[in-house]
Each structure stands twice: as structure tokens, then as C-alpha cells.
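If you read the sequences in order, they're chains A and B.
Residues 1 to 448, numbered by my numbering, are exactly what the first sequence covers, in order.
Residues 449 to 944, numbered by my numbering, are exactly what the second sequence covers, in order.
No wet-lab data here; the hints were simulated from the structure.
Each residue gets a CB set at the ideal place from its N, CA and C atoms; glycine is no exception.
Mixed in with the good hints there might be a few duds.
[Said to hold, decoys possible] Cut-off 30 Å, straight-line C-alpha distance, at most; resulting in silico cross-link-like pairs (DSS-like, lysine-lysine): (1) Lys534/B / Lys61/A; (2) Lys346/A / Lys740/B; (3) Lys740/B / Lys37/A; (4) Lys465/B / Lys432/A.
[Claimed, not checked] Partial list, derived from the structure: chain A residues whose beta carbon lies under 7 Å from chain B: (5) Ala59; (6) Arg63; (7) Val81; (8) Ala84; (9) Thr151; (10) Glu165; (11) Leu341; (12) Gln379; (13) Gln402.
[Stated by the list, open to error] Over 10 Å on every C-beta distance to chain B, these chain A residues come out as not near it, computed from the model: (14) Asp182; (15) Glu194; (16) Glu284; (17) His444.
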Amino acid sequence: MDYIPTTPEQRDHMLRTIGVDSVEELFADIPETLRLKRRLDLPQGMTEAELLRHMRELAGKNRHLDELVCFAGGGAYDHIVPAAVRTVISRSEFYTSYTPYQAEITQGVLQTIFEYQTLICQLTGMDVANASLYDGASAAAEGMIITCAHTGRSRVLVAETCHPEYRQVVETYLRHQGIAVDTVPAREGVIDLEALDERLENDVAGLLVQHPNFFGHLEPVREAGETVHAAGGLFVVSVDPISLGLLAPPGSYGADVAVGEGQSLGNHLSFGGPYLGFLAVREELVRRIPGRIVGETVDAQGRRGYVLTLQTREQHIRRERATSNICTNQALNALAASAYLALIGKEGLQEVARLSFQKAHYLASRLEESSKVRRPWQQPYFKEFVIETDLPATELQSRLVQEGFVAGPAFSQVGLAPETALIVCATEARTKREIDRFVEAVTHATGR
Amino acid sequence: MFEATPLLFESGAPGRKGFAFPPCDVPETSIHEAIPPEFLREEPAPLPELSELEVIRHYVRLSRKNYAVDVGIYPLGSCTMKYNPKVNEEAADLPGFKRLHPYQPEETVQGALELMYHLERFLCEIAGLDRASLQPSAGAHGELLGLMLIKAYHASRGEEGRDEILIPDSAHGTNPASAAMCGYKVVEIPSDERGGMDVKEVKRRVGPKTAGLMLTNPNTLGLFDENIAAIAQAVHDAGGLLYYDGANANAILGISRPGDMGFDIVHFNLHKTFSTPHGGGGPGAGPIAVTKELAPFLPAPTVERRPDGSFYLERHRPQAVGRIRSFYGNFGVLVRAYAYIRAHGPEGLRRVSEHAVLHANYLMRRLAPYFDLPYDRHCKHEFVLSGKRQKQRGVRTTDIAKRLLDYGIHAPTIYFPLIVDEAIMIEPTETEPLEALDAFAEAMIQIAQEVERDPETVKSAPHRTPVGRLDEARAARRPVLRWRPPAEDTAATQER
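With these hints in hand, go ahead and build the complete structure from the sequences.
As C-alpha cells, then:
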């Protein structure tokens, strides 16, 4: 089936207006040798009912998280999504709209982006945020590019304790710009400050630290920031937005750029995307921000309105001299994040952070009762942590699925060692009963 | 008619909540014992405090001040604002897709992997290429990855000196920006009098420094580059590769394939050609398809099938360029595009392109008497007019665009491509009915007449929108990029 409304009579009317006899003629400028002489080799089309049956079948081959209980983390989290978020992002005036190029008839999207920028600033304690980036990892890469552009230096440092996939993305983005990426090793599951000191020369543009880090631990962000600043570099922190209901915001400990993954804010897990990367900076760096930014202005009658602004940073104006190539972003996911923050509000953010902290700490205390489960590090953590057992972690994951649970990532899923280690996480969405049953399942799986 | 909508921050009341989290049902740990005080937030984040109804009203009111495909024709050139089928939304909303964690064991996500496996093959068949990566989150992201592959390919052959990318002067801004982001120098190639790339100039500029060429075909003028075979040969003979910007692929589905034209890498904008919603600016997806020779450089993980028919993520890819994002791409967008392709099948997709081209040519002929048409030949899925004639009357293209808003119609893309003076770039898409095409044409024709009769009305437009023409210069000169509480705002102003 298709969605083409043109009847045969209307087609003939159009052809007459154009002055041709057939649609074929409109393609006459495509050289004969370049035309496809056969049908595309694709499955036959379907009606809506057939399609839905097929899509349900495919979806049915997955075991989703209303069926399995989620104790997985590692950059994507099973936080509660309030029903009203869906209502907001299901307004087709929003979701079938384009980037707001004609401001006067897209004030809806523009105001929501302005509000999103403000909310991200309120969360992070930074001065200015952009309208979103693809995800937390690419936001980290863009953040590091800002440090190079601002300092004119071409070497950056990344803490080994950052999400391995984020480190890979930063490395890939920066290597192609001729920027060297060095890793600052970990000690006891957090950044090794002495090693940082050794690697800091006055050629370092910036340092990336994730806080809480990939292992769930809190990082010595104040010390790390002071150290990199002393060498004239900038400090970039990747944060879990939910943690900011409890933890000090990056703006309070000297971060120059704050980035992060916004999925936890009202976006479904959706097998890894679409999510949203947020990026916020100190005032001084505003003209180095990548991507869309919305600003407030007025019309001729002095009425307040919003427009895309500072566009001379962007690819459609500046072309090869733009701050980034980004054009399409994650606006609808940013809208979900805004609606989420508006709904839960000042009090709710503190609650969701506190509840996640409590559930994760209860989970850890229960797991510690088992002689088969070890926690390699004893650092302060927020909502996830690392455990090791005698089993390969992927084997443990599979056994847990049989008992109705999902945990991870296994270190081997993200290229880390040892293969017996994995992440476990508990958010406010987990109940005591689920946690107790999960601990039983782990004990059972590791005791076999 | 349209009241101003206060910001979230100007609404609500202290203590109000729009959502209740469950009470704590586990024995509590003392936060102050578990976390050293220097890590803790001193003041709560100053978020708004609203009830659920206030939040819903806020957004519903804002949505009513927003234009969208579901409201009316959205003829933005090079954006392919076609209808977004609702069944695809329903499919993506199935818990079996929406409620999956990216690190679930592979045996629990076989349906998701199967969908990705087949979508990759569908896109390869449509492109005429061999393998694809679904990781890029947008067209520009695909461009960046494609250019990285070009770099890796040349490096694997010991040809690191190739540091130039050829790009036509009609290209999308993302092309040169992506090239620069990948560390390349941009060599701009002028267009010829038919609107194609100047072949003589391509031949003159290719050489041992050439890494590749990026081209949109049909190009941003909506014209098919007839010389593509000669261009491809010149670039290949010089040792370079060809990158196809798929922003305009809505014109060629099942009709001509970039791989057959000689392109080595293609990105598709799933949010354009394959109907996934634009979301007010995103999310999209920009998968790239490549030749066999380039496949080893695609980033990990790829989705592969075992002899027993099960699917898995291949993470071991020693020659891969590296990741460009976390996880596996914008999966929810992939689900919608997969559903779109399955619904249409081969005949349906070909009908899509035939009608996209038919509709564009029809509109072009209806408007040609009233506006300058710089390249007068059959267009593909879009065409470009020039507002030169109107400019002589003191009315700029931006004025015409703003006046269209008064007719309740979103304006086309304007001032792009850069090689056309006062450009008006129109892409109606195949899903617009004749009546909508005619209404758009009538509005444009009336505006052309207003320019003659009453240019002031056009120059001061829009008149019937929630706000009048907004002062963009002021927004850029004195940036206000966030709300601040009134007291803080005054203090900040005084500091300056």
C-alpha cells in the first residue's frame, strides 16, 4: 500500500499541464544505462493489517521489559516514564513538524526548545545549552572539540572510567580532526589523579570525566577540574541527569562544558535509540557551541517570540568553517525530556534520584550477602555498580533471563575485562520484591 | 486569537507536582554516610512546579501555534516533508520494540536484530550497494561516517596524501562541514549552464590529492546530473571515491540506483525518503550503504546471521573506523522505516518516486509564468525558482516566504541553493493531493500579483500569525538563550 492520493484522472491533468504524455518522459534525462530495468528485489507490499501482524510477530520475538525485570544500566536506564510525556510528544503538530525555519508559524517548537535549554541549564548549573545532539557519546565528542577550538591545542585526555563506547566515539571523532586522544588510567575504579597530573602538559586542550562513571562511581571531579585548569585546559564532564537530583551540578565545581545522555528523562529504552545528547557551556564558550540554539526576541509590536539564532556558527551558513556538521538533532526526544522535567518538577527530581540511590544501595547490600558475588571496588556510587562472579558474565546474563531478569552490560559486551564482571543497576522503577527475587536468582544462577 | 503562552518557569506554584513517584519500600541507607558531602547538591535544581493538567495545557497550547505536515502542505525543498503513516508509529510503540534495553542478551532481542538485518539489505538493494551501517543518527552523521570510510580506505592502500574532497557549489551545507570535520580540504566545483556539475572542471581538479567527491543526484536544483557516469569515471580514474548524499533519494526509488551510477557510498535520510517523522528537528537516521571494498571499514557492531538462522551483533571488526555513537543507532526510527518499506514493496516505492516527480513538475509549470525559472528543464522531486523579478519591485524572497504564512501555508526552503539568486526551493512530495498543490500554487500566484499591486503588504508580512515578523538580528546581537528569574536577570544585565 502507499499514501499517494493522485487519481489516474488527476495524473493525466498534471501531465497535460506539464506538456508531456507520460511520467516516463519526466525521467528522460536519466541515461538509459543508469536506469534500473527490473523491479527492486524487495518483499511485496502489504496492507496496514498485514503489516501490523508482521510487526507484532517481529516484536514478539523479543523479550521486552514488561516481561523481564530490568537491572541493566551502562548508559541506558529503565526509569519511569509518566503517561503525560507520551501525550505531549504524540501531538502531531510537534512530531510531524520540521526544524523551525519559519519562526512565526513554529513558535510551539521554538518555545519548547527555549524551555529545554533553560531546563538543562537549571539541571547542570551551566549558562547556555544547545537544542540537543544525537546522544551522550557524540555530545562528549562535540564537547571535546569545543575545548580544542577554544584553546587552539590539539591533544585531549579522556578518563579510562568513561563509558567505553563514549571513549570510542570521542577517539573516532577527534582522530579524524588530527587531535590526539590520551587515556588517563583508573585506580580503584576512579580516575587516577597522579596519572592525570603526569599526563598534563600545556598542550592539553581538555579533559573528559564521566560522573558518576561507567562503573557507577563518583569521581573526584573538583580535584580533576582544578588540575586541568591549572594546565590551561578545559574541563568537560559527562553527567547522568537523574543524578543531579542528589549530586552537585557541574557548574558548581568548575566544569566548562557539561554533556550527557538525556534518555533517562522521559525517553523509552527503545534498544538504544533515539535518545538525546545534551550539551551546556559557560557563557564564554557560547559561540563555539555546535548545532541549533533558540533565542528570545520580539516582533515589530514588541511581542515576545523565539527564533533559531547564532546561526553563523552552523553548517548551512558557515559550511566548511562551521563549529560542527550537525543539522538534524533529537528535538522530539528533547521535548520528552522537557515534559518529563516539567511534570516531576523540583521535588520530583530529588525524589527520583533519592529513590534510585536507595534501591541500588539495597540491591548492593543484598548481593553482598552472597558468597558467590564480589564487588571489586568500594567507592561511593549512585545507582549502578560492578559485580563479579565465577561465571562468565554473559552466561550469568543468560541464566538470569531464564529467571526473568536482565542485567548488564557484561564487561565483554563493551570490550572490557574481566569477562566475569558486569554492571547491575536499580532505579526507582524497581520494587523491594523485584530486588529480593533478583538476588535469589543471582544466588541460584551462581550456585549451580 | 493567539494569546502569549507563559514559559514553564512563569507558571505553577511552589510545592505543586505533576507526578508522584512510588514511596521508598526498601530499608534506607544514610545518604550522608554513603556519599561524602562535597559531592552533594546544596540547593535543589530550580525546576518548575506544575500540575499535570498545567503541563498538558502548556504543551497543547504551544502545539496549536505550530505548523506540521499533519496541518498542511510543507513544501520545504530537500527536506521531503511527506506524510508520516500512523501505522508506523503504532509499530514503533509496541513494547517488543520500545521496551528493549540495548545490552539485553542477544537471545532476547532476536526480533530487533532480524529487523535491522533485513533493513540493511533493503537499503543496499535500493542503493545498489553491498553492506550498510545503521548507526548514523542523521544525514550529516552518515556523511561524517562515509568520509571516515574514504579516509580509512585510502590509508589501507598507503595513500594518506589524499586530503581533498570535491563538492559542487550547489551542495548542502552539511557536505563541506562534514568534510572539514573529517579533516579534509574542500575543493568547490562550479555548476554548468544546465545546472549539473561542470565535468571539465571535475577533470581539471581531480588528481593524486583527491580523496573523493560528494554529490547529491538529483542535485539541490532538483536536476538529475546527466554526466554522472563521466564524473564517476574521472574520479575513479584518479583513485578517488564517490559519496552520494541521499537527501534527494525520493526521486529515484526503483528508478535508478546510486551504486549503478558509480557511487561507492550512499546515505539515506530515513526521516525524508522513508517517511519517519521529523519531530520538530529530529530524531532522524542516516544509514550508509557501501561497496564490498569499503565494507570492512564499517563500524562495529554489525548484525550478522548464523547458519542456524539466529542473529548476533558482530563486535570484532579489526579494520573498522570506530564508533560514531553509542549502541546501535536510532532503533525506533529504523522500525518505522522498515515498516514503510514493507508496506510499499517494490512497486509502491517506485510509485512514490514517480508521483514525487510528477507533482514537482506540475507545480513548476503552474508557477513558471509568475516567477523566474533559472533552469528550465524537467525537474525531479523538487525545483528551484528565483525571486529576481520580485526583487526588482523591492520585495525579497524572505518577504514572499513570510507572506505565504498568512495563507496558512509553510514556506519553501529559501536562499538555497546558494547559486540561485533569491532562491525558492520547492518540494511538494508524493503524498500531497492535487487540491493542496493547487492551493499552494494559487497562494504563490496571488503573492506574485500582490508584489505588483501592493508590495508593502508582502514586505511587512506575516500579518495573521501568532507573532509578527521576529527580529532575528536582535536575537543574534543580544542573545537571550534561556530564561532567568527576574531578579537574577536584572543582576546579570547590570554586570554587563
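Hints, verified against the model:
no., hint, in the structure
1, Lys534/B / Lys61/A, "holds (23 Å)"
2, Lys346/A / Lys740/B, "violated (53 Å)"
3, Lys740/B / Lys37/A, "holds (23 Å)"
4, Lys465/B / Lys432/A, "holds (25 Å)"
5, Ala59, "holds (3 Å)"
6, Arg63, "holds (4 Å)"
7, Val81, "violated (10 Å)"
8, Ala84, "holds (5 Å)"
9, Thr151, "violated (18 Å)"
10, Glu165, "holds (5 Å)"
11, Leu341, "holds (6 Å)"
12, Gln379, "violated (10 Å)"
13, Gln402, "violated (10 Å)"
14, Asp182, "holds (16 Å)"
15, Glu194, "holds (20 Å)"
16, Glu284, "holds (13 Å)"
17, His444, "holds (17 Å)"
Of the numbered hints stated above, those contradicted by the structure are hints 2, 7, 9, 12, 13, listed in ascending order.
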